[in-house]
Amino acid sequence: MVLVDRNTEVLVQGITGREGSFHTKLMLEYGTRIVAGVTPGKGGLEVRGVPVYDTVYEALRDHPGIAASIVFVPARFAYDAVLEAIDNGLKIIVVITEGIPLHDELRMIRYAKSRGVTIIGPNTPGIMVPGETKIGIMPAHVFKPGRIGLVSRSGTLTYEIARELGKRGYGVSTVIGLGGDPVTGLNFIEAYRLFMDDPRTDLIVLIGEIGGDAEERFAMYYSKLDVKKPVIAYIAGKTAPPGKRMGHAGAIISMGMGDYASKRKALIDAGIPVADTPSQVPVIVGEILSRRSKH
Amino acid sequence: MVLVDRNTEVLVQGITGREGSFHTKLMLEYGTRIVAGVTPGKGGLEVRGVPVYDTVYEALRDHPGIAASIVFVPARFAYDAVLEAIDNGLKIIVVITEGIPLHDELRMIRYAKSRGVTIIGPNTPGIMVPGETKIGIMPAHVFKPGRIGLVSRSGTLTYEIARELGKRGYGVSTVIGLGGDPVTGLNFIEAYRLFMDDPRTDLIVLIGEIGGDAEERFAMYYSKLDVKKPVIAYIAGKTAPPGKRMGHAGAIISMGMGDYASKRKALIDAGIPVADTPSQVPVIVGEILSRRSKH
Amino acid sequence: MKLYEYEAKKIASENNIPVPRGILASTPEEARRAAEELGGRVVLKAQVLVGRRGLAGGIRKASTPDEAYMIAGELLGSSIRGERVEKLLVEELVCFERELYLSLTVDRSGRSYVYLVSPLGGVEIEELVRKHPEKLLKISADPFNGYIPYMSRLAAKFLELPRREWGLLNSIMESMYRIMINYDAELVEFNPLAYKCGGGLMALDAKITIDDNSLYRHPEYLKLYGRELSVLEAKAKQLGFSYVELDGDIGVICNGAGLTMATMDLILYYGGRPANFLDIGGGAGRDRVREAVKLVLENPRVKVLLLNIFGGITRCDEVARGVVDALESSKRRIPVIVRMLGTNEEEGRRILEEKGFKVFSEADEAVREAVRVSRGEV
Amino acid sequence: MKLYEYEAKKIASENNIPVPRGILASTPEEARRAAEELGGRVVLKAQVLVGRRGLAGGIRKASTPDEAYMIAGELLGSSIRGERVEKLLVEELVCFERELYLSLTVDRSGRSYVYLVSPLGGVEIEELVRKHPEKLLKISADPFNGYIPYMSRLAAKFLELPRREWGLLNSIMESMYRIMINYDAELVEFNPLAYKCGGGLMALDAKITIDDNSLYRHPEYLKLYGRELSVLEAKAKQLGFSYVELDGDIGVICNGAGLTMATMDLILYYGGRPANFLDIGGGAGRDRVREAVKLVLENPRVKVLLLNIFGGITRCDEVARGVVDALESSKRRIPVIVRMLGTNEEEGRRILEEKGFKVFSEADEAVREAVRVSRGEV
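Chains as they are written, first to last, in this note's numbering: chain A, 1 to 295; chain B, 1 to 295; chain C, 1 to 378; chain D, 1 to 378.
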C-alpha cells in the first residue's frame, strides 16, 4: 500500500465550493470513502449525502476513522485549512488548490514534515489507487489497475501517459501527483521510496518537466541504490520557451541543472530510459518487463 | 550511556567569557574532552589551551568529532548560539545560560525537537557522568560514580542530594539538570526514559519543586508503566510563599496542580516514595535497594 | 511584569481589540470630567496590580458625574489588599448579554502557546472551570505557526457565538497573538470578554504580563520594572535576586531557588520560621552577595542569618568576601550561620573562618543551629 | 513579478540597507538636475526588467550634468533587449574596493530559504561561480526560524570582511529576510554588494521579485502586475493563463503546463512549429476558454489551432462550449483541431461534433493532423 487504499476514510475540505462538491461526487462514484466535509460557516449542510462541518475537529469527533483529507479551498485560505488538518492529527493531506503563496507553501510543508504528515501537492491532481480509491481530481477511467507506479509533477500529462499505458494493457498500482508548484510536499525520491516498499508495484514511471533539479537529484539518488525497481522517465519541455529568470540566484542555485538536456543526461546516466513521446512510454515498459520475465 | 560519556567531544560556546573560561578549566580538570570553543570575533585565541573559533562551522571543520556543546553566552545572544549549534548538526546542547527570554526558549526548544536535538536546560547545571565527564558547572567532587540516576529541576539542591547520597556510599550513574526555567528541553518523563534504557542505572532520584505540573505528569506516566525502575522523589517548596499569580490563566491551566501537596500525592499514588528532607533520600534509597536485593 | 489594566487596554485597543471608552483619572475632579465626557453613567476601576480588586471594592459604578467625583474621592489614596490606589480608569457602562473568558498564555508542559476559552467568564472563572472542566477549551498554538484562523472557529463554536461574530473573534485572537509576541508577554487575558447586547465582542477587563527576562527588549517597560513591589523586594529585584518577605525570624540567603526552598522547608522541619526567601541566583559575585546580606539585615524581624550556599557557577570565595564586606560595613550585629560547599569551597571557608565565623558542612546541622539561635537556645 | 531597480532600492533603503544616493529621471532635463544635486559625477541606469542591461549599454557614467543630459537623451526612449527605457536612475558614483554577491531566495529542493554569498560579485557571477564552486557559500534559513545572526558571521568570514563590518552585514542580511517575508518575495538580490573604499557595504544594484501568487496581499504591486509583458501576454495574465508567444504557426491551447509542453514537444517531434505556449490552467470554464481561443486567433501567424485537453478538474463540456463561443464570435476562419478526453468528455465531444468539428482521441493523431494542416498538406 502506498499511503492510501480502499479503506481510507477521507475528509473533503472546501466541500461546498464548486470544485469541492463536483469532485466529491466523482470520488464517491469511484468508491472513495468520503465520510465528511468541512466548510466554515456551512456546518449542518449535506453535499451529495456527505455531512458538512464547520471545523475539522467536529468532523473528526463524529468520524474518528478519517485518515486523509483532500483540500479544495481557495488559495488564500489553503494555509489555514492545511494547518487545521495537521493540528487535528491527519497524516495525509492532498492539496488540490492552485496558486497558494510561496511562503505559505514553504511553511505548511516544513510544518507537516516536523509532524510526520505527508502533504501531496499543492497544485496536484491527487493520489489514486485504480480500482480502489481516488483522492483527487484525475479522470478515473484512464487509470486501469495494474502494477506500475506512476509519479508525476504534471497533472494532465499524467492522464495522457496513464492512458497510453492502459491502451497497451498496462495498469497502475498507485499514481501520485507531486504537484506543479516549485515547492511540494513530496519529491521524486520520497515517492520512489514509497513505491520501493510497495509489493504491488513492479516498475515506476516518472513524469518530470523542466525547471528545478528534482529529476537530477532523483537520478543521483537512484544511481547509488543497490537494490532497486526499474524506472522509466518522460520529461516535458524539450522545446519549451525559457521561463522567467530569477536574477542571478536562479542560475547560481541550479548550477546548470534544470533544462531538458541536463535532466535527460542525468536520468540516462543513472540507467533510467527516457521516452521521447508519451506513446513511447508503454513501448519501453514492454521492453523492460519482457527482459525481466526472461531472467 | 545516557546521552554522553568519557568519549564525548565537547564544544564550549561563549568560551572567552568569565563563566565560560572558568568552567572550561574545571571541566578540563575533570577530564571532559573539550576540543574547541566559539566566541564570535575572538577566533584564533586560546582559552586554557583550547582553540577558539568565530563560528561553530569552523570549529566543526577542524574538530569533526564534536558531539555536544555547552553554552555560556549571555541571555540575549543564547538563541543565536543555540540555533547555530543545531544548524551545524550538534545533537546535544547544554544551555547553562540563565534569563533567556521565554519566547526565545519556546522557539529554540520547539526547533530542537523538530531536528531530533536534545537541549539540556536552559538555566541548568548541565549533565555529568561521575568519573567520566562533566558537561556543566556542578561541583564535581560531590558526585561519586555509582548506579543512581539523578534528575532535577534545581541546580544547587541536586548537589546537596548528591552529596547526601555520597556520604552514605551511593554514587551516581548520570546526573541531568533539567533546568529551572518554565520551559525546558527535557522533562522528567523524557529523562526517565533515558535512565530506563541505561544498563548502568538501577534507581532514579527525582528532584522536583513546586510550580508547573511536570512531577504530576511524570507520576501519571510512571503509574502506567509495566516494567519500571524504582524512583524516589524529593520536592522542594512545601513552605514556599506563593509565587506571582499569572492572571486566571495560571490557575486554570494548572487545574489545582503545581503545589507541594498535589505533587506529593501524585507521586505517592504512583508508588514513588517522597523524602521529607534531602538527608532522608539516601535512607529511602537504602531501604529500596536492600528490599530488592532480598528478592 | 504585570501591566495595569489601563496599559493593557491601550495595547489591546491599538491592536484593534474593542475595549470600552475610558479615561484615566488621578483626582476626583478628573474623574468627574471623565464621567461627563463619557455621558454620565460610568464605572470607576481602581488601577492596582493585585487580583480580585472587584471583591475588595475596587470597582464601583456611578450614575452621575458628581457621584463619580465622590466615589473617586473614596477610592483614590485608599489601599486594596495592601496596594495604594493612585489612578482610576473611568469607563463607559457597557450593556452585555454574556461574560466570556479568553486568554493566551504559555503551556509549559506542552512547550507551546495555548488559548484558554470558556463561556464562564467573570470573577468566578477558576472555580467554575474546576467544577465544569468541559466548559474549558484549550487550543494549542505552535510557536512556529502562531495563530491560525481555524482556532477562532473552534473557539466561536465552543462559545456558541453566532456566525456574524466569527470574523471579530478571529481578529481578536489574531491580535492577542501579535501582542504576545510583540510585547514578549507571558499572558494576554480578557476576563470578561463581553458579548454585548445587540452583538459584538468587547474586552471589559484586560491583563497583560510581560516576561521579565525580555524586558531589555522593551525599554519603555524596563524603566517601570519593580513598581508593584515592596521597597525591599524592589531593591532585591534591581540587584537581580528573588526576594519575598515572610513573617519569621531566620533570615535566609541561598543560591538557587530549589536549595532556597529546601532550606526553608528544613527550617520549618526543625521547628523554626524563615523571615524571607532570598535566592541570589547563579554566579553572584562579591558585590551582589554583600548587597543581599545588607538587604536581609534591613529587616528588623531577623534574629539570625542563615546562608546556605552550594557552589556551582557560584563561587564560595566570592560569597565569603561578600558576607565579610556586608557585616563589616553594617551596624547590626546578629548571629550569622554559614553553610558552604562546592566551587572554591576551601578558599571561602578560610576567609570566613579567619574572620571568626563558624562554617558548617551539613545543611541539617546548620539549620538546626539557626533554629536554636532563633529560639534563644544558644 | 519583477520590481525595477529603483523600486527595489527604495525598499532596501527603507529597511536600512545602504544604497547610493539616487534620483529617478524621466527626461534629460530631470537627469541634468539630478546630476547637479548629486555633485556632477553620476551613473545613469536604464530602468528595465530584462537582464544584462549593462552589457547592452544601459548603464553609463557622466562626469558633468551636461553629459548626464546628453546621455539621458540617448537612453530615454531607446530599447534594451526589446524593452523601452522610460526612466533612468541617476546615482552618485561610489568608490569601492571589491564587488561581492549576496542574495536570498528559495531553495526548492531543500524546501527552505537560502542565502547565496560570493566574493565574486558583478555581471560575471554565474560563470565565475560555475568555474569556482568553492567561491559560493549557501546558507540555508529554515522557514520557521528565518534569519539568525550566526548566518552573517558565516558570510562575513567567507567574504573575508574585517571584524568592524560584521555588524553591518548582520543588519543587511536581517533586513533581506524581513523584505523577503514582508513583500512575499521570491528573490532579494544585491549584485554587486560593494565593499567601499575606506570601509562599509553598499548595494549598488538591487533585484526583488515578488511571488505572483501573493500579489493579492500587496495591492500596490498587484495593480502594476503584467507591466513587463507584451500586449497579448499581459491580456493572458489578466485572464489567468500562462502564455508565451513563439515564432511558429500552430496555435496551441492545452490545460496543464506539463501537457502543454509535451504537446509542443510532440509538434516538433512530428515536424511542426508551435506559435505559442498557452496553458489555460486547471478548472477553466467556458468564458476563460473562449478568451483563450480568441487570444490565439489574434496572432496573425497562426495557421491552425490545436487544442489538447485532458479533463481532470477541467471539464470537457465547458471547454467545448468556450471553443464554439469563440469561433462563432470571431471573424477569422482557420482550421481547428481538437483532442479531448477526461471529465465530461462525451458531452464535450457531442457539442463539438454537432458544430462539425473533428475531435480526436489520440494526441499523436491530432498533432500529426495539425502539422499536416500547417504545412498545407491537407
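Simulated from the structure, these hints should not be mistaken for laboratory data.
Any given hint could be a false lead.
[Claimed, not checked] Derived BS3-like pairs: lysine-lysine, alpha-carbon spacing no greater than 27 Å straight-line:
(1) A:LYS113 / D:LYS131
(2) C:LYS138 / B:LYS265
(3) D:LYS358 / D:LYS331
(4) B:LYS113 / D:LYS303
(5) B:LYS265 / C:LYS355
(6) D:LYS131 / A:LYS238
(7) D:LYS10 / D:LYS196
(8) D:LYS10 / A:LYS238
(9) C:LYS138 / B:LYS224
Holds or violated: LYS138 (chain C) to LYS265 (chain B), with C-alpha atoms at most 27 Å apart: The hint holds at about 25 Å.
Pair hint outcome, LYS265 (chain B) versus LYS355 (chain C) [Cα-Cα no greater than 27 Å]: violated (46 Å)
27 Å limit on alpha-carbon distance, applied to hinted pair LYS113 (chain B) and LYS303 (chain D): This hinted pair is violated, its Cα atoms lying about 61 Å apart.
Hinted pair LYS131 (chain D) and LYS238 (chain A), Cα distance within 27 Å: With a Cα-Cα distance of about 26 Å, the restraint between LYS131 (chain D) and LYS238 (chain A) holds, given a limit of 27 Å.
Given hint LYS131 (chain D) paired with LYS113 (chain A) - CA-CA distance at most 27 Å: violated (35 Å)
Holds or violated: LYS10 (chain D) to LYS238 (chain A), with C-alpha atoms at most 27 Å apart: It is violated: about 39 Å lies between the C-alpha atoms, which goes past 27 Å.
Distance restraint between LYS138 (chain C) and LYS224 (chain B), which requires alpha-carbon spacing of 27 Å or less: holds (25 Å)
Hinted pair LYS358 (chain D) and LYS331 (chain D), Cα distance within 27 Å: holds (20 Å)
LYS10 (chain D) paired with LYS196 (chain D) [C-alpha distance capped at 27 Å]: Holds, at roughly 20 Å.
The structure is inconsistent with the numbered hints 1, 4, 5 and 8, although it conforms to all the rest.
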